[in-house]
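Asker: These protein sequence lines are chains W and Y, in that order. Heads up, the first sequence is in this note's numbering, so the first residue is 1 and it goes up one at a time. Heads up, the second sequence is in this note's numbering, so the first residue is 1001 and it goes up one at a time.
Wrong hints could be hidden among the right ones.
Unchecked claim - The calculated DSS-like cross-link candidates involving lysine-lysine, where the alpha carbons are at most 30 Å apart (straight line), are:
(1) Y:Lys-1103 x W:Lys-41
(2) W:Lys-41 x Y:Lys-1254
(3) Y:Lys-1254 x W:Lys-48
(4) Y:Lys-1079 x Y:Lys-1136
(5) Y:Lys-1136 x Y:Lys-1254
(6) W:Lys-48 x Y:Lys-1079
(7) Y:Lys-1173 x Y:Lys-1136
(8) Y:Lys-1079 x Y:Lys-1173
(9) Y:Lys-1136 x Y:Lys-1169
Claimed, not checked - From the derived model, a few chain Y residues whose C-beta atoms are all more than 10 Å from chain W:
(10) Ala-1043
(11) Val-1065
(12) Phe-1110
(13) Trp-1193
Keep in mind that the hints were calculated from the coordinates and are not lab data. Glycine included, each C-beta is placed from N, C-alpha and C at the ideal position.
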Amino acid sequence: MAASKKSRNVMRSLLVEIPVYAGLVTVYFFLVLHFLGGWLKEIFDSNKLIYAIVALVLIIGQGVVLETLTTWLLNFVRPRNR
Amino acid sequence: MDFLISGEHINPVYLVAVGFIVGVMGGFFGVGGSFLAGPALFAFGVPMNFVVGTDLAHIVGKSIVATKKHRALGNVDMKLAAMMILPTIAGAESGAQLIQFLKRRANVDFVVGMGFITVLLSITVFMAWESWRTLKMHRAQDTKRKGAGQAVILLKAGKDASAFSHIAKTIHKFHLPPMVSLPTAGVASISLWVIVAVSFVGGFFSGFLGGGAGYIRMPAMVYLLGVPTHVAVGTDLFEIMISASYGTFTHALKGNVDIMLALVMHTGAAIGAQIGAIGTEFFHGARIRLAFVPLPLIGAGIIIYGLVTGHHH
C-alpha cells in the first residue's frame, strides 16, 4: 500500500514536472542554442583546443543547470501533491 | 535545424526525444545509453566518427544528473569509482586511438558498426540467460521456503542475487596483491588488478564505440566484481561521468564532436535521467537486468539498418 501510494505521488509529480520542464527547455532552445551554432563552428575550424575546452564547459554547465532546474521543479511540485 | 560542425540537417525534436529515452535508460540501468543514442545518430545520417565523440559529450551532461540522484540514494561506491578512474581513462584513450587509426584507413563505419553489433548481441544473450536463471532460482527458493511455513518475500526491492554469483566468488579468491575491500558494495576482499582490468576494458569500449560503455561495465561489476546491481548502476554512472568527460575532450581535439548536437540531445536526457533514477527504487536487481535485455538488441538493429541501407555518409 505504501509503495503504491509512493508510486502515485512520484507519477503525479512527474506529470506536472515534464510539461513545465518542456516549456522552459523550448525557450532556452530558441533563445540560446539557436545563436551558438555559428560561433562554435568558427572555433571548431580555427582552434581545436579552445573548441574542446568550450565544448566540455558547455555540456557540464548545461548538465549542472538542468540538474538544478529539474531538482527545483521536483521540490516545487511535490508539496502540492501531499 | 542545421548542425554546422558535422554538416547535418536534423529535426531537433528527434534529438530531444532520443535524448529523453536514453536519459530514462541511463538513470534506470546506469548506462550512458550509447547503444541507442549512437545508432540513432548514425541513422540520422551523422558520420560514425562524429557519432562516437558527440554521444560521449551528451553523456557527460546526462550522467551528472543521474549520478547526483544515485548518490543521494546511496548507490555510489566512491572507493570503487576512484580506483576505476585511471584505468578507464587509459582504456578510453586506447579506444580513441584505434578510431583514429581506422579513420585513416577509411573503413571506420564498417569496423565500428560490426564491433557494436557483436558486443550488443553478446550482452543481450548473456544477460537474458542470466536474469532468467536468477528469477527461476528465486521462484524455486520462494516455493521451498513457503512450503516450510516461512512467509518470505525474496523478490523485494533491494534484495539482490544472481545465478552467476559463483563467478564473482571465484574471482574474489584470486589473491594477487594488493587486495582491497569495498564496504559499500559488500565486497570483503578483491584484487585491485581485477578492478583495473574491468575498468580498462570498459574504458576501451567507451573510446572505441562511444558512450560510457556502461553496457560492458555495469554487467561486469555485477558478474565479475560481485557488486549489487543498484550499487553497480550508481557507481557506473559516476565512472561514466569521468570517462565521458575525458573522452569528450580527446575526441573534440580530434574534431569528432558536434557539441550542438550534444547540447540539444541533452535537454531531453536531463529530465529522462531523473525519471530513470527514481524508477530504480521500485525494482529489484534481477528484474532491472531482465528489463535491460532488449535494449542492446534495439541498438544492434538500428546499426544493421544503417549499414544495410547505407543511410549514412
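Asker: Each hint should be assessed against the structure and marked as holding or not.
Answerer: Going through the hints against the structure:
{"no.": "1", "hint": "Y:Lys-1103 x W:Lys-41", "result": "22 Å, holds"}
{"no.": "2", "hint": "W:Lys-41 x Y:Lys-1254", "result": "15 Å, holds"}
{"no.": "3", "hint": "Y:Lys-1254 x W:Lys-48", "result": "7 Å, holds"}
{"no.": "4", "hint": "Y:Lys-1079 x Y:Lys-1136", "result": "33 Å, violated"}
{"no.": "5", "hint": "Y:Lys-1136 x Y:Lys-1254", "result": "48 Å, violated"}
{"no.": "6", "hint": "W:Lys-48 x Y:Lys-1079", "result": "34 Å, violated"}
{"no.": "7", "hint": "Y:Lys-1173 x Y:Lys-1136", "result": "27 Å, holds"}
{"no.": "8", "hint": "Y:Lys-1079 x Y:Lys-1173", "result": "20 Å, holds"}
{"no.": "9", "hint": "Y:Lys-1136 x Y:Lys-1169", "result": "20 Å, holds"}
{"no.": "10", "hint": "Ala-1043", "result": "22 Å, holds"}
{"no.": "11", "hint": "Val-1065", "result": "4 Å, violated"}
{"no.": "12", "hint": "Phe-1110", "result": "26 Å, holds"}
{"no.": "13", "hint": "Trp-1193", "result": "31 Å, holds"}
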